[in-house]
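The listed protein sequences correspond, in order, to chains D and U.
The letter at position 77 of the first sequence is residue 1112 when you use our numbering, and the numbering goes up by one with no holes.
The letter at position 195 of the second sequence is residue 1230 when you use our numbering, and the numbering goes up by one with no holes.
Please note: incorrect hints may appear among the correct ones.
Claimed, not checked - Part of the chain U face toward chain D, derived, beta carbon under 8 angstroms:
(1) 1168
(2) 1171
(3) 1195
(4) 1295
(5) 1326
To be verified - Derived DEER-like restraints, expressed as beta-carbon distance ranges:
(6) 1318/U x 1062/D: 32 to 40 angstroms
(7) 1357/D x 1042/U: 37 to 45 angstroms
(8) 1244/U x 1318/D: 38 to 46 angstroms
What the hints assert, rightly or not - With a cut-off of at most 25 angstroms between alpha-carbon atoms, the simulated BS3-like pairs for lysine-lysine come out as follows:
(9) 1331/D x 1075/U
(10) 1170/U x 1170/D
(11) 1307/D x 1259/D
(12) 1329/D x 1130/U
(13) 1073/U x 1130/U
(14) 1042/D x 1102/D
(15) 1130/U x 1075/U
(16) 1329/U x 1130/D
(17) 1340/U x 1130/D
Worth flagging that the hints you see were computed from the coordinates, not collected in a lab.
Beta carbons: idealized from backbone N, C-alpha and C, even for Gly.
Number of protein chains: 2
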Amino acid sequence: MENNTGKPYAIGIDIGGTNTVFGLVDAQGNVLSHNGFKTKDYPDINRYADTLGTHLLQLVETAGGRKNIRGIGVGAPNANYYTGCIEQAPNLPWKGIVPLADMLRERTGIAVSMTNDANAAALGEMTYGAAWGMKDFIMITLGTGVGSGIIINGQLVYGHDGLAGELGHVIVRPGGRLCGCGRRGCLETYCSATGIVRTVHEVLTSTDEPSRLRRIPLEQVTSKDIYDAAEQGDKLALEIFRFTGTILGEAFANFIAFSGPEAIVLFGGLAKAGHYIIDPIREAMEANVMNIYKGKTRLLVSQLKDSDAAILGAGALGWEAV
Amino acid sequence: MENNTGKPYAIGIDIGGTNTVFGLVDAQGNVLSHNGFKTKDYPDINRYADTLGTHLLQLVETAGGRKNIRGIGVGAPNANYYTGCIEQAPNLPWKGIVPLADMLRERTGIAVSMTNDANAAALGEMTYGAAWGMKDFIMITLGTGVGSGIIINGQLVYGHDGLAGELGHVIVRPGGRLCGCGRRGCLETYCSATGIVRTVHEVLTSTDEPSRLRRIPLEQVTSKDIYDAAEQGDKLALEIFRFTGTILGEAFANFIAFSGPEAIVLFGGLAKAGHYIIDPIREAMEANVMNIYKGKTRLLVSQLKDSDAAILGAGALGWEAV
């Protein structure tokens, strides 16, 4: 697959607590030479950077040399765009502040930009996905946590110190559920994968109503299980989606008053529940939004393939790495 | 005061429900030839534009001719930056959609930009005031209502359709006080001048505790009266500031998670209550903000003169009018 045409690529890298995945991204949004390894196998950051660096040099070769690589983009939890460091990431093996952008630049001789995974996802949607051509939208990733990437005037919002856009930690229920961040009532405690499991527990224990969800060990329940139950007409599954969607929609109404986005784009397992989750989100959003905004913000679900989305997002950052 | 030096000016115009004021603004933030008239005297928009146009031509003459005027900036309620129109402003005499930017351009031959008054105030603070040199901050105006202007990456946030930044209408108490916008629990229903009067009423009727505030007819109570009472150690006045400041601080914590601002700048009568209001705001803000943001966002009070601030803000917009 040697490239002799001089076609330009970016390299996209997504660093998660479990896996590190990477690939070449072309201008049309195709991911080539998709590969990866276990992040957890490298508790030593220098060995991690060496291994990743070796893989990156292979990608460079595949692309036909450094001249064909515009830059490297990295999406990682707690990554600071301004400093190129991963800062105190609770779910990664390396403690403290890790200057990973510099470490990869040294090993490849290529410019590296880093940002957190949700910001990278927003860039991916703007460059290749549901938000193509939009200048004002909000990306919400519904995963283990709730992440966000905010685009205003066509630019990612990094804020004063590179850490803006933590909409999963907007407090939506003062005094509500305890969050991993130490506070109470964060959006993430209701609308993440773990938040929904808490809701399942609350709903199942509050009634004797039969439900298919009672057959699954609580800690193993996923959005997919709730979706499957809803498809069978399971009343409690529908109630769980309605409860979750209503909290999201109320929060979105406040986000709209802030930045007046053209769209809110959803990504992640919960977003795949289709109308079961989208309908209550839309109803709560429209019921709670100010008149001047009504009907103006579209609710979209990412159409990017799960396996490609993270690399595409990081790759989109790579195109503009300096 | 004829200007033969070729010194550049912008014209700033602030349109309020009661008064229209305007003046020349120089690059140092001085307001010259400050003048005005009653908005309400002109229920006909054409006569209003004619009168304002005549005043503007006088300002042009004072400045030494059109060549010395960089542009005209207008701050007005419900003004849309993208269209140059005032849209459905409930507190202005003209109904529907008024293309005022075009009307003033026709009458003066000078470029005109418009935005809402709180956005203009944010530009004023960035160009001449407490936020000088900042690229990421939020302006909160505490007046009859609560307005906001959000600066991100050195630019005002107008949003997809020119109407972003209505932080006075973020819902902070679901199901709470009825708002003029038709919804319940908006920040404005607690922290505006009228919101505080509602709080005074609630606090005074909930207890027999003596208070200097009982001597003032309820509908006439101002932030200044509450401040004066607090200065005398009035317990209920202090409680009113604490209640109001706590709601503002909780809301600010969520705003910080959105845009990671360097500062939040306060303007308006309530902001003049000094530590009585600032202390509870800061305490609630720091108590409710995520760890990664703690201690990072400054709380500032506008230092611009009341009489100049609105014209300066509009003038700051005028410098970049096209």
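Worksheet entry | 32 to 40 angstroms as the expected CB spacing between residue 1062/D and residue 1318/U, which holds or is violated | Violated, at about 51 angstroms.
Fill in: Hint validity - residue 1295/U Cβ closer than 8 angstroms to any chain D Cβ
2 angstroms, holds
Discussion item. Hinted pair, alpha-carbon criterion (25 angstroms max): residue 1329/U, residue 1130/D. Please report holds or violated.
Written reply: 20 angstroms, holds
Item to complete: State, for the Cβ atoms of residue 1244/U and residue 1318/D, whether the hinted interval 38 to 46 angstroms holds or is violated.
Response: 44 angstroms, holds
Worksheet item: Taking the least C-beta to C-beta distance, is residue 1195/U closer than 8 angstroms to chain D?
Response: Where the cut-off is 8 angstroms and the nearest Cβ of chain D is about 4 angstroms from residue 1195/U, the hint holds.
Practice prompt. Closer than 8 angstroms between Cβ atoms is the bar; does residue 1326/U clear it against chain D? Give me holds or violated.
Written response: It holds, given that the least Cβ distance between residue 1326/U and chain D is near 7 angstroms, below 8 angstroms.
Worksheet item: Is the straight-line distance between the alpha-carbon of residue 1307/D and that of residue 1259/D 25 angstroms or less?
Response: 8 angstroms, holds
Discussion item. Let's test the interface hint: is any C-beta of chain D closer than 8 angstroms to that of residue 1171/U?
Written reply: Because about 4 angstroms separates residue 1171/U from the closest Cβ in chain D, which is inside the 8 angstroms limit, the hint holds.
Worksheet item: Does the alpha-carbon distance linking residue 1073/U and residue 1130/U stay inside the 25 angstroms limit?
Response: Answer holds: residue 1073/U to residue 1130/U is near 17 angstroms, not above 25 angstroms.
Practice prompt. Take a quick look at whether residue 1340/U and residue 1130/D sit within 25 angstroms of each other, Cα to Cα.
Written response: The given pair, whose Cα atoms are some 49 angstroms apart, is violated under the 25 angstroms limit.
Worksheet item: Taking 25 angstroms as the top limit, are the C-alpha atoms of residue 1042/D and residue 1102/D close enough?
Response: 10 angstroms, holds
Worksheet item: Is the straight-line distance between the alpha-carbon of residue 1331/D and that of residue 1075/U 25 angstroms or less?
Response: 33 angstroms, violated
Going through the hint list in order, the structure does not satisfy hints 1, 6, 9 and 17.
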